[in-house]
Structure formats: structure tokens, C-alpha cells
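Chains as they are written, first to last, in UniProt numbering: chain A, 1 to 611; chain B, 1 to 611; chain C, 1 to 611.
If you are wondering where the hints come from, they were derived from the structure by calculation, not from laboratory data.
Note that this is a predicted model, so its numbers are computed, not measured.
Any given hint could turn out to be false.
The list cannot tell twin chains apart, which means a pair is met if one copy fits it or any two copies do.
To be verified - Pairs of lysine-lysine residues, derived as PhoX-like cross-links and limited to a Cα-Cα distance of at most 25 angstroms, are as follows:
id: 1; residue 1: K335; residue 2: K53
id: 2; residue 1: K48; residue 2: K109
id: 3; residue 1: K232; residue 2: K555
id: 4; residue 1: K454; residue 2: K307
id: 5; residue 1: K57; residue 2: K431
id: 6; residue 1: K335; residue 2: K431
id: 7; residue 1: K124; residue 2: K307
id: 8; residue 1: K454; residue 2: K289
id: 9; residue 1: K454; residue 2: K124
id: 10; residue 1: K335; residue 2: K454
id: 11; residue 1: K284; residue 2: K232
id: 12; residue 1: K522; residue 2: K589
id: 13; residue 1: K124; residue 2: K284
Residues per chain, in single letters:
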Amino acid sequence: MTDTTDTIVYRLSANCDLEEVEEGKMYLGRVQGFANFGVFVQLNDRVKGLVHKSNIKADHSERDPIIVEVLQIRKNGNIDLEEVMPQVYRTESVTKAMPTIRLSDLGRKIGRTVMIEAEVAQIKQTSGPTIFTLVDESATENAAAFIEAGVRAYPEVQLGDIVGVVGEVMQRNNQLQIEVSSLSVLEPEDADRVRARIDQALDERAEPEDMPFLVESDVFERLRPAMRNVAKQIRKAVFTAQPIVLRHHADADGICAAVAVETAVTALIRESGGDFDAEYFLFKRSPSKAPFYEIEDITRDLDFALKDNIRYGQKMPMILLMDNGSTEEDVPAMKVTEIYGFPVVVVDHHHPDEIVDQYLIGHVNPYHVGGDFGITAGMLGTEIARMINPAVEEQIKHLPAIAAVGDRSEAPERARYLELAAPAYSEQHCKDIALALDYEQFWLRFNDGREIVKDIVNLSGNAERHMRFVNLLTAEANSAIEEQMEAVMPHVVSRVLPNGANLFMLDVEMYAHRFTFPPPGKTSGEVHDRLVREHPGEPVVTLGFGPDFAVLRSKGVMMNIPRMVRELRQEIVGGGVNGGGHLVVGSIKFVEGMRDAVLDGLIEKIGQAPI
Amino acid sequence: MTDTTDTIVYRLSANCDLEEVEEGKMYLGRVQGFANFGVFVQLNDRVKGLVHKSNIKADHSERDPIIVEVLQIRKNGNIDLEEVMPQVYRTESVTKAMPTIRLSDLGRKIGRTVMIEAEVAQIKQTSGPTIFTLVDESATENAAAFIEAGVRAYPEVQLGDIVGVVGEVMQRNNQLQIEVSSLSVLEPEDADRVRARIDQALDERAEPEDMPFLVESDVFERLRPAMRNVAKQIRKAVFTAQPIVLRHHADADGICAAVAVETAVTALIRESGGDFDAEYFLFKRSPSKAPFYEIEDITRDLDFALKDNIRYGQKMPMILLMDNGSTEEDVPAMKVTEIYGFPVVVVDHHHPDEIVDQYLIGHVNPYHVGGDFGITAGMLGTEIARMINPAVEEQIKHLPAIAAVGDRSEAPERARYLELAAPAYSEQHCKDIALALDYEQFWLRFNDGREIVKDIVNLSGNAERHMRFVNLLTAEANSAIEEQMEAVMPHVVSRVLPNGANLFMLDVEMYAHRFTFPPPGKTSGEVHDRLVREHPGEPVVTLGFGPDFAVLRSKGVMMNIPRMVRELRQEIVGGGVNGGGHLVVGSIKFVEGMRDAVLDGLIEKIGQAPI
Amino acid sequence: MTDTTDTIVYRLSANCDLEEVEEGKMYLGRVQGFANFGVFVQLNDRVKGLVHKSNIKADHSERDPIIVEVLQIRKNGNIDLEEVMPQVYRTESVTKAMPTIRLSDLGRKIGRTVMIEAEVAQIKQTSGPTIFTLVDESATENAAAFIEAGVRAYPEVQLGDIVGVVGEVMQRNNQLQIEVSSLSVLEPEDADRVRARIDQALDERAEPEDMPFLVESDVFERLRPAMRNVAKQIRKAVFTAQPIVLRHHADADGICAAVAVETAVTALIRESGGDFDAEYFLFKRSPSKAPFYEIEDITRDLDFALKDNIRYGQKMPMILLMDNGSTEEDVPAMKVTEIYGFPVVVVDHHHPDEIVDQYLIGHVNPYHVGGDFGITAGMLGTEIARMINPAVEEQIKHLPAIAAVGDRSEAPERARYLELAAPAYSEQHCKDIALALDYEQFWLRFNDGREIVKDIVNLSGNAERHMRFVNLLTAEANSAIEEQMEAVMPHVVSRVLPNGANLFMLDVEMYAHRFTFPPPGKTSGEVHDRLVREHPGEPVVTLGFGPDFAVLRSKGVMMNIPRMVRELRQEIVGGGVNGGGHLVVGSIKFVEGMRDAVLDGLIEKIGQAPI
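Here chain A stands alone, though its shape is the one from the complex:
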């Protein structure tokens, strides 16, 4: 569709003043209000005129669009208008010479009035002004619009709109703010242009720096594209003021992975401008109870996300899953994220199920490139954190070593990260930190313990306190383990299976201290470790069970736990069998009343496994 008419109706952009208005020209305005003698019309937020009642052609309501011709601009600045109704016309924008500037340039414009084109990333009503968080390709900054204490300014502006803002730049110390004098949603074509410009520039800005990994690793080299992608997605979320919810496995490896990214992201948020406390409401770290993203987790995350969106005008969050998120068990929760349009990114080292990938915009997993769980989440997280924000490298580069010993990695990268951490962090100290993390997280009960955890991994800049605290936690944890072992070891029952494996069984609810550290899974693990040491070179399987669950650990026995679970589920009618795991560790759930049948079936299968 081409406009061939010569009749032009001008639209006065938000940054224009009286100077840009010309007598004799037609403008698209909006009805502002009514008086006895006529109708007031806004040409933009700053320029208003009057259509005398004798010059009105139609009935209007407030905020109706209206086309007017400028009859006269008086010396006192009053504008006399006439309503006109051209049949055919094209519209054209009038923009002031004042150039729009990038948000990153605000610092050089302090005290001056500027024009900004940006996306609205949050709209927060305070008891004073309304705060619009603006994002463009270069930075995030706040614009404060004050109408009246506690009253929403510019109610027509919505989250995600592309707006033109004119205002004065205020600054002292290291924070900037625009005091809005006008703010309006751009017309669709302008908005499209600005959005395209912002998107392209953001895409470039979000691209991580090229850098070598902290240690040599073939697996890492093959994972590089996936890791860069995840780092880029996270950087983009930060640059567009999108909240990030980081869910992670609540063990030492998961915590290290998550804290590395937390360190990188919160520093990046602080640098990127915006609210003085943005690092608290734009980033949340939540340990998960289960080793996967449960329905209960997504329900809680969705509940908060929708409430923050409706009440505080925040964007929907990105979900970042670390040390979980790779398996079929995560799918129900991911289906929810899909419906709500939450982008999801996974950094995991559990054996991945292909089905999850359809729900993800990024997935780092060593199994994708021939690696395995020996490349721990803490290693991956730390390398990604460097890509997100290289400035934090020195602070976090010891975290992979902690993760490696915590997760008992046997990959070659383990030694390299330990070397990198040494001599400041010996292998024993890394083990102590990992145990301290597990112990403290148990008592934190799935709270993030943000500042406590920083002390444990020595990120709060108080090395002496770190050392004393880790020593204390390690001593307490070891004494609790010792006490648990004293209670349970006398109750371990052993038998030799047909395949020659030593099976050790323990009822961890009947014979262990409950609701304290170590919990049943860790208790079984400790028992297993001791039994393996007592039977060097022999095949050992440890089966810790409670009324409706069993935990399996093995050494030297080739069990396929997922297949065993599938078979038991088939064979034992009404057993309610469920569960999973890897070759050497797994867990099974069943209904309490069928425990004996399930355990018998399970033991039979273990006895058939190759040694």
C-alpha cells in the first residue's frame, strides 16, 4: 500500500517542543479535556492547544485521536487549533533534532535533558514515584516518573513496550536516574525499528568473550559451543532485567556450580545499573529437595513469578537448573515452563534423556560429547560463570576442586583443578569444604543461606573466619557420622549372592538416628564406604532400606539399576515400584506393604548381575 497523496498529517514525537510546531500544518493529536469554550488537544505530552467550540466538527471523548490544523501560535505560547477531517492523507513523524542517546551514555549527560528509546523491563509503583526500568542495547537504568505519591504514572505504558523517554539525567556517586518529563509508547513502526536495533545490539553484547578454560580438557573443548550459548542466554537475561531463578541440587557439587554463577551474575547485575537492590530481586538461588526439578518446585516458582509480575511489574523469569534438569523426571515441571514461556537452561552432568531438550534453550551436559559425570556440575558452572563475567575468575577458580572431591570425580580434570586450587586449597581442605557444605545445607533445610555459604567456600573475603568455620563444621559433621555409624554398623546383615557379590543390608529407619545428619542416603553411603574398605578387591553391594524405599551402592558389580526398576515394576503387581540411578548408585521407592517382595526381587536381580 503506497501513499500517493500530498496531504500530510504530522505526528509530533515525544521530544518535540513548541518550536517544532508550524502554523498551517495538520497534526494528529489526542483529546485532553473539555471546557465551555472548546476542547483541549495534546499534540504530544508537552505541547497542547485549544480547538475553539466553533472549530469542532464532531463529538469526542477524552483521549480520542483527533486531527487538527494549527491556525495560530500566539506569543504567549497558546496554540489555536481547528479540527480537520482530511479524507486521504499520510502521516509523518516530526522529531526534534535532539538525538536519542544510549543508556550507557547517560553518565556523560548528567544534568542535561536527553531522549532515550528503550524497552520497559519493569514497572514498579513505589509510595513515591513510579519507577520504569529501561533496557536498551547498552545498559539498564531507571526512569522515575512522579505524578503524585503512590500513584501510577503513565498507566497506558505496559511491561515490554518500546517507549520514548525525555528527561533530565541525575547522578551522583555511581548511580544514574532519569527524571521523566515525558514518556510515551512508540508507534508500531518506530517500535519495531527500535526493538530490532536493541535486539541485534544486545545479541552482540551478550556474546561471551573468547577465553581458554581454566584447565586442559577435551570434553570442555567439545562443550564450548553449548557453554557459550548458556552463558550468552544468562548475560542476555541480565542485560534485559529478566529475573533469574537458579534451582540446584542441594549437595556440595550443586552448591559450587550455583555459587559460581551467583557470583558472576550478581556482579554483572550491579554493573548493569538499575535499582540499588536489583541483585536481590533479579536473582534467586534455591536448593531443590529432590535431585530433579519437582512439580512442587515449579509450582512455587510459578506462584512467585506470577505474583511478582502482577504486583511488582516484573518480567517472567528465566529458569536455570544446575546439577539437575537433564532427565525425564524433570519433564512435568518443564511442561509448565513451556506454557508460561519461561526460558529454561540446564547445566547438568547426570545422564541426559533426550526428551528434555525440546523444553530448553540451552543444555550443557558432558554426556552429549562423550564425557560423563566425572565432569562435575561445579566444574561446568565455574567455567560458565567466567564466560558470564570474567572479572570473578580469581574469586571462584577453586570451586571446581571442591566440587570434584565432593562428587568423587575420577575424571582427569579433577587433578588439574586441584592443582589450580593448590596450594591455597589442599585436597583435604577441599574435602572438608565439601563436607561442610553438605552438613550446613542439611541444617539450612533448603534455604539458600546466601552469606553463610559464601563463608564456607571462602567468597566473603574473610579467610580466617572461613577456615575456622569449615573446621568447626567438618568436626561436627564427622562426629555426627561417627555416632550414626556406631548405631547402625552392628545391625548390618550380610550374605553372599549367587554371583559372588557381598550383599550388605541395613534398615536405615529402624537402626539409624532419624531427622538428623547424616540422612538415610548419606548414612548408606558411609556404610558402603566402610564395607568396601573392609573387603578390598571384592564385589560389594550395600542396600540401605526404609519402610518404602531402598538406596543401593555398589562396587565391582555391573548393575543396570534403571532396568532392574523397570522389571520389578512389571513383575511385582501392586508394588508401586519407581526409581532410578546409574550403574553404581540408585534408589527405589515402593509401597510399604510390599517391601519384602520388592527387596527379595531386587536381591535376586543383584545376584544375577555380572561381576
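Could you slot chains B and C onto chain A? The hints should help.
Chains B and C in isolation, oriented as in the chain A frame:
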């Protein structure tokens, strides 16, 4: 007591200025402060004068009342006073011509100074001004009094006082506020007059509009007065800025009832002026764990209410119970509400015990007028919500259909509401929504999930998201039910009782997945439904039990569960038997060690019930 | 090291103005910024000059120190400087005649500019100004520094710094605030001098008044020094704006102790100035689940303390333990407080283990001076509360009587406190209040219930409401106990032990209502009381047990429960035995599978105890 004296001492009202002061007249003032040369006296918040030390007759402290005569009003506005001590006198108020206006008229007085007489409904100290929420017969508005950042202005004014306020009206967009220039508690006689005026007008304003019900229903017609009363009480709470705590049964019917009222009330709060976020702190919806108002619930509600009252100056709340509240089990909690003066309103369809009514200011229950539980709480709630706020009808009119199928109503109203909801909501879709509500509430763990629930019942204006989310939740719920049935059905034990009833028994703790959806009660219900389908036309009783409880469902057997419980309690010494229910569904609690005796006794009684 | 040079470089103190600058003298300044024509130098926050580029001797960065000589002070106030580099010099401070005033004198300086020297006790960024809470020897007050909305003013100032502040005093009503015009960290020598002055004066100010106890008591007289010390530590925390976390046993005695101190402390915080809501964030009361300070408790307290410190600039808290804290079981948590430098104070009447004292800065315990548990925590807490703040005596003086009957004290002080409380509080009414506290705390689930509890102990000034509420709670509690007794009493099994003691055994999980009031421990206690009444004069031991615990109560049997536990732990391999108690009451934990062995062993030992 009659005043016969001609000596008059005037009281200068809050809205008076220097113009209203006359030389030679006597006024009742207050000592404001001391100087070398005399004592400053306030005639009201705006008019002050000086008593020279030579004219002081007595010792005074700050804020003491004092009677003064005006010697002279100087050109610069200074007032010279003399202390006087008339033996006999009467007082009379001087009020300025300035008329008091209603809060609803503020919108027409923007930029002007007005006088308001109103009740103080909240006093909130902010880090800036003190915000007094004012209520009169017409509206709720905020008045901001600023003394100093964070300092309580007018500390003598208390919650519930009737005050006179003079201030300037500020407004832009759709919110109003009074900037206080003077604020004072009215003298008792004035206060009584104003309170009477406000009360009467509020009473009229709170009266719901007359309107037909959404569907034809004899029961509804007979319930109309009770429903109007409840709607009126709720409207009055909103108009007087009284917080409302809505407690409801955490199932699909209870949620529908509560969400209908939530929609009506929050919209009414927004319309009624006051704080920009009043809809959040003046309305709280809380699903209850038990099917009644537990001691634990009222303890929590009371804890918050008292803290909000002391710390944030809020009124004590109204309690609204939906889909619970009608039975004896609610009485202990209601006794607490009585002591604290919380008004309580019940909308329920469980068989009511008369004893509750002494604690209530409103009670809607179909049993009161010959109806029964087929008139679900969701139906009642939706009709009452329309009375509260007719504007929300279009949004909520499909909720009764969801409630009807969710609660398996067999009342004739069920079909009528389904017809009303169709074709947008088919019967199957209503069933799906009801199941989705049950499923999601299970994972919400008694959080309200305000925005999530709106999506499930399609109140957030995103029909596509609603549809996809309900489909997902329904699929997940059905698959969880299917898995539970696979585990439990092989363990159902059956026997034929002396009266010919088929009794099916299931241990729902030993043979079901625990701590997941469906929970024991719903598991028993699903089992029962399947067994009924497998035995068409036969009498069926399903008994799901755990270590210390049993859940009963029946079809075709005329059990009087409350009586059976009473008898068992008598007969089984040390059984600790408790519980209740209706004809077809009930639950029983007992001490674990007496389970066999209780179940045997129970089965014997079931075997004697008429078929 | 002595300065012998005559060359003096002056440092201009924060309160100095242009008047204090002299031409020809040298000053130590700081580089403020750069211009084409030279370098701007600050002599202090208020006095700036210019070094023309021709007078610069070296390269500088922003905020570098620089020594300058004043060439000329122009009429317009501009100062011409020259950079100088004296080889040998001594520095001297120039201070304005303006005297520094104490914070407690602010009230007499309203509207005037003052100089304050004080410690920074909190730095809170608001969405408006930055609030520095200042503490000196006399009071706590806030200073507001505004740079820009939401921007941290004076970022170089840290928590705990000694600062010089110049600003205007603002006040109306009863709150004061300094509007900062300059604020700077004092040089080390000045800071040391001020800190010494403040510390000494605070020490004197914190000293409690000398006063007699409410009742005569030898034990109290001997405890006086320890009580004074604890009161002083608490007063000092209040005066220095250090948060206090009060952890207490969740029974009637612990609550009375804690509420007495809460009343004293919150009133003292209100008097001491600072934020309008300081009493909420500087004082937290938390009932503990266990009868000691658990790892879970300290983890939670540490989590919040560190977050408040990092995010809201609060000091690390003092921990006050009441009715717990005296035993070995508290040590693991105390080790954490030691590492984080949280001072800990204990007021307890359980038999103390000496090991705790190394972690404490104050410990009141009657056993230290030959008293015993008959001197209840509520008695101790009330007397200490009076020392903290004598003004609250009238309000709290009945609390020891409630604590005494609640804890069944048989000390002579019991009768004296009851006499003091009478006739307003009869012994029966005190018992009712104690029962009401236990009952309501059960439903509060370890929330503090701040305002509810005040009503129960009649501290909220509404005596009628108090009376009705206590009557209701007592009736409900007694009816719940009655119902529990009906369930359990028929299941009590008795036997006569070799030593002639009557042993009564009850499985409180199998035969009692669970998850309701009364909980297992109280259920056992009630059973014991009834059995003692039924067997007057005979030795009675009641053993209530569950799957992995047992609760012991005895009358007339001399058991040493701690020793019995130690022996059982030795004798029963894999029993996991733990626990403790006094002579007449104790509890034991064990692993479920070894219950029979542990109970048999325990009963054997009870049978050998002397009667």
C-alpha cells in the same frame, strides 16, 4: 443539666482561620509552648496567640487546656490573649462557613482546600508522611500528614476516631489524596453526630442491588435474605477499610466459592480508593488444611491480625468462611473470634450445627431452607459475589458449573449452571478444571496461589494459556491417579456383610504412594468409584484406612456415620474415637493401637445398616 | 617517634569552614577532580580550592591525598592553592570552635547546625536518603544523607567507623534527625580518642540502677553480680543499636522470662531514639523447638544475621538464651557464635555444665550459687528486666508467679511471688495463665505470637480481654487433656519393680492422639500426675515411650538419669542411646529397632534405684 449562663467560651473548629476569631470573645485553647515573655496558646491547629506573662493567672504545662480572651488582633495577624477563669460558662463551637464535603466528592475539588469529617480506618507510618486512611459514608481516601520523615503525625489520633481534616486535594490520573493542613479528633457530641450520619449512609450504601439469580432455584430464593445480608456485611467491610480474611476448604468447590468473592472484593477495593496496593493487604485468601476452621488457623489469623493492628495500625479483620464453618468443629476457633470482636460470616453447604450461629453475623447454608449439599459453596459464592459487585458477573459466571461437577452435585441447579457456562465451558472441561484445581492445590500446600488459580479458572484474560495449563494439569493428575490405582487395587480386600453390602477394604498407607497426589482421602474415593462401576446396582462400602484413621464411602447403604462414631466412642474404651461425616462419606480417627478393635466395631455397624 | 620539625601541615576537620583556612598555611587535602586549567582539591567536605596547572608538581588520580599551600583566598570565596612537598613535617588538626555535642542534647539544638562525633551503628539505604544510625555515649539517633533517591551517600563510610558529622537538627513531636551536610571518617588518632570516650561513658550508662529484688531471696542476693552483668550487657547492646536475638524454651516459664525482657528492651529501644520501627528489627524473640540451642536454631539465626548485615547494614547480633543455654548440648551452636563474634548471654535454671562458660559473656544460673531449678527462668528474667529498665516493673511483676506455678517450683520464692501478684492474680489464675501459654504456644508452632502472648500474660492493657481469653484457652486445654486421658489411661500397664517402685508404662504413639495438644511429653506428665495422686505416698515412675524415644517422670525414686543414659549407651551396642534430664524427669532417644532392649535395660536400672 442545663446551661443557663450567658458566659460563652468558644471552641474554634479545625477548619477555622483568623477570620473566625473575634476580639473580646473567650476561647478554649491549649498551651503550646513557653517563652521568656509569655505563653503561646493554640486556638486550633492553625490559629495561635500569645498570653503575655503579665496576663497569666496560673501555672501550666504544655498541652494544658486554657481559657483565654482575645485582647487584640494585630495587623500582622498576631493575637494578644489574656488568661481568664470564668466560674460558670457554656462552650460553643465556632465553625467556618466552609462546608464539609464527602470523600466521594474529592474528585471535583482538586487543588482546593476542603474540610472532611470521617472515621480513621488505618494509620500507617511510612518512612515519609503518616498516612491516615479515612472512611465516610461515600468512599475511602488517604490523607497524608507530614511532620518529618518517619515521624508519626498527630500522635493523639487513634484508629476508629472521628476526625475533622482540613487539607488540599491532590490528584492526577485516578487517585486522590488529601495533604493535611490540620487534623483533629472531634469533640464527643460532634463525633456522635458524624458517626451516626456515616453509619446510616454506609448502611444504605452497603445494601446490595436487587437482581435475579443466574439460574432458577427455589432454594436460592429462600436463601436470598441470608445471602443479601452476607453480601452487605462484606460490602460494609470494604467501605470501611476493614481487612477481610477469607478461609476456605482447599478443594475445587471451596476454591471456586472463594475466588468468586475474591474477584468481586478486590475490584470493589480498587474502586473504593485508598492505597494503591490496598487489595493486597485488605484481602487475604487462605485455603484451610482441615475441612473446618481449626485452632491452628485462628491462631495464625489472630497472630497476624494483632501484629498488623499494633504495627501497621490496621483494623481488626472480618473472617469469612467458605465451604466450611457450619459445624460444631468450628466452635473452638469461633470462641476466639468472639473474644477479639472479629465479625464472622459463613457460606457453607455442610450440614449445619445450630450452635455456630451465636458466633456469626451472617450464615448462608442451604440446609437452613430445606436444601442440601447439592447447592455447592461455589454456587453460593458466585451468587453472593454478584451481589457484592455486579460488575464481575461476566468473569465469574462459569464458576458454579466447575464447583457443581467438582463436588458431584446432583441438585437440579447443576444442569442449569452447566447450561449457563456452555458452550464456552463443556461439562468435560468443567470437570478438568475441577481436577486441575485439586491437583494444583495439592502442590501449592495451602498457599493461595492467587495468580495461578486465576489462570486455572480462566480469570486472567489469557484463554489460550488457561486451556493449555488445564490440559497439562489434568493429564498429570490423571496419570498420577492411574499410577496410584495400579499400586492399590491389587490390595483391596472384599467381603459381603450380613446386610448384603459389599465391603471393600484397603490400607492406604501400606499400599499407596505417600506424600504425593492423590492423597489418602482422594485415593479412597477413586477406589470407591471404580468398585461402584464394577458392581452396578449393588450396595458398596469402601473403607480406606491408615494406622490411626479410616475414610468411608458408600453407595446404596444407609449409614448414619455421626451416630456410628458416637457409639464406637462409647463402646471402645481407650479407642480415642472421633470423626464425622454425612450419609455417604465420612472419616474416623482413633489411636493407632486400637485400630483393629475400632475397624471391627465399625464393620459390624456397617453390616447392620439398612440397604 | 617525636616530631621535631616546625613545618606543620594542617588537616581541616569536618566542621570547619572557609573562616578556618589561612593564607600561607599548608593543608592536607584530597584530589577532587580535574579541569583544563588545573586540579580541584578538597580540604574537607565543605572547603575546596584550585591548584592551577602551573602549580602542580606531580601526577595525581582522583581522591589522592595532596599537600597544598594556600596562596590566596579571594573575595568570592575561591581559594588558590599550590602543591607543595615538604620533606619533613608534622600534621595538626584545625577544628572549629563549634563544640561537638552529645546525641542526647540534640533536642535542645533543633533547627541549628551541630557537630557530632559518634560510631556508625547501622547504614541503611532507603529508596530516598541513606540513613546512618549514630551511637555515642548518650543516645542513638539517625542522620539522613541525601545524594539522590536510592543512592548510597558517603560509600567510604563503613559500619563501626567513628565519624564526624555536621548537620542541621530537625525535630517535631518526639523524634529527632540530623540532616547531614558533611560526614567523614575520623583520622585514627581522633577515632581512638572518641571511641575511648564513648566506650567509657557507655559503660557507665549501661550500669544498672541499684535496687532491691521484688522478693526476699538468698539465692538472688548471691546471683546479683551475675544478673547485673547480664542486664548491663543487654543495656549496652540497646545503647549501641546492636540487634538482640532472644531464644527461649517454648514453655510457660521460658515465655515469662522472655516476655519480661522483651517488655524492658523494646521500651528501652523506643526511648533510645533511632528508627521509628527499631523495636521490630533490633529485637527478635524466637521460641526454640528443643530445650536447648540447637544447630538448626543457630543456622537460622546466622543466616538472617549475615543477610541483615550485608543487605541492611546491621551489626551482628547479641544472642540471649533464656530457660536454656546452660548445658553441653548448647555447645555446638555456641562454637558457631564464637567464630562469628556474636556475644552470648545465658539466663537459665537447668543444671549447668561448666564447659559452656568459655563461650559466654554472661551467665545467670542459680546452681552457680547453691540454688536449683526452683528459681525459675521467669523469676530470673523478671528481675533482670527490672534492672534493664526499671520503668516496666509494674507491668511485669506478676510474671514470676506464673512462671513459678508453670514450672512447679517448690522454692520458697514461689510463695513470695504469688503473694506479690495477689490479689490481682490468684494462684489458680496463675496456673490458668501458665496452661494457656503452653496451649497457645503449641498452636503457634514456634512463632513468637508477640501480641497474642501479651494478651495472655495481661501486658496489652485490656484486662477483660485477657481474662476471657485465658478462660477460653484454659477450658480448651483442659478438655483436650481430658480427651487424651480417656484415650490413654486404659492402656497404662503397671508393674512393681524389685526396689518396690510402681512402674507405669504407656506407648504414647500407639495409644494417644497424635499431632495435637497435649503432645507426648505433656501427655506422659499428666498421666504421671494422676498415677501419683492414685498412689499417695508410694514411689511412682511413669515411662511414656514411642518408637524411638522414652520420657521418664518419677516421684520418690532416686534416679540419676544422666548416668543411666551413659550406662545404657555403653551396654547396648547399636542402640544409639542418647538423652538426659534431672533426678525426677528425663528423656531418652534410641534407634527404633532396639527399643525393647533399651527399655528393658532402662527398667532394670530403675528397679535398682534407691527409693
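Next item on the list: Please flag the earlier hints that this structure goes against, numbers listed from lowest up.
Entry: Structure breaks hints 1, 3 and 5.
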